[in-house]
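Engineer: Sequence:
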Amino acid sequence: MISCYSKLVNVIKAFSMFVEMVERGLIPDGHAYGALINGFCKAGLIQEAEVLLNEMQNKGIGIDRVIFNTMMDGYCKQSNVDEALRLQRIMEGKGHQPDANVYNIIATGLRKLDLHDKAKRLLLLMVDRGVAPDAVSYTTLIDIYCKQGSFVEAKRALIEMETTGINPNTATYTTLVNSYCKLGKIVEAKRILSVMETKGIKPNTTYRLCPGRRLLQAGKFH
15 MISCYSKLVN VIKAFSMFVE MVERGLIPDG HAYGALINGF CKAGLIQEAE VLLNEMQNKG
75 IGIDRVIFNT MMDGYCKQSN VDEALRLQRI MEGKGHQPDA NVYNIIATGL RKLDLHDKAK
135 RLLLLMVDRG VAPDAVSYTT LIDIYCKQGS FVEAKRALIE METTGINPNT ATYTTLVNSY
195 CKLGKIVEAK RILSVMETKG IKPNTTYRLC PGRRLLQAGK FH
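In this note's numbering, the protein residues as written are 15 to 236.
Just so you know, the hints here were simulated from the structure itself, not pulled from any lab data. Take the hints with a grain of salt, since some may be wrong.
With a cut-off of at most 25 angstroms between alpha-carbon atoms, the simulated DSS-like pairs for lysine-lysine come out as follows [claimed, not checked]: (1) 91 with 56; (2) 132 with 161; (3) 213 with 134; (4) 108 with 161.
Please build the complete structure, drawing on both the sequences and the hints.
Structural biologist: Encoded structure:
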């Protein structure tokens, strides 16, 4: 609550400065618009961000990849993946080819809506289009496989991730641990935790909220 209020207060202050700048006859550039759009999106004020984006288009101010990504992320966080996809098409029409970050944003949005098959197809399409997946891409794909009970595919994705030189991170391993715990596969979860300990990686907060954590701590393995 306090964090959200802080974000809202900051963006209101920033917008006041923006308006004051315009009233003084100064012309805001793409960086000024981008900073404000980012602030609105982080505060959950996507409609206000839309107004600024449309204003940029009407004034002929170039919209860069960062602003497009920020808007798509804002839409996805409000479960409006269709609008994010529409913006992606506009971005491509302006010559900005989507990178891994774009695919990750939209795949994460689809995953949160439990549209796992669509998210998975999007990530696989990314590879077909020659865009190299990153740690977020692989972690999202592993999470989808786990939610679908496809642990063989999840392990295969983890191996591929490591083979391509991308190090699994806290989120990657914790996703696997939590998924194993939820299914009562405590031995497998313990094995992943051992790997994490060897690499000096600590589980994140989602692990601490996982019901199966008590079984691990109690040493009750299947």
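Engineer: State for each hint whether it applies.
Structural biologist: Here is how each hint holds up against the structure:
1. Between the alpha carbons of residue 91 and residue 56 the distance comes to roughly 9 angstroms, so the proposed pair stays at or under 25 angstroms and holds.
2. Between residue 132 and residue 161 the CA atoms are separated by roughly 14 angstroms; this keeps the pair inside 25 angstroms, and the hint holds.
3. Restraint check: the Cα-Cα separation between residue 213 and residue 134 comes to about 28 angstroms, which exceeds 25 angstroms; the hinted pair is violated.
4. The suggested pairing of residue 108 with residue 161 is violated, with an alpha-carbon distance near 36 angstroms, which exceeds 25 angstroms.
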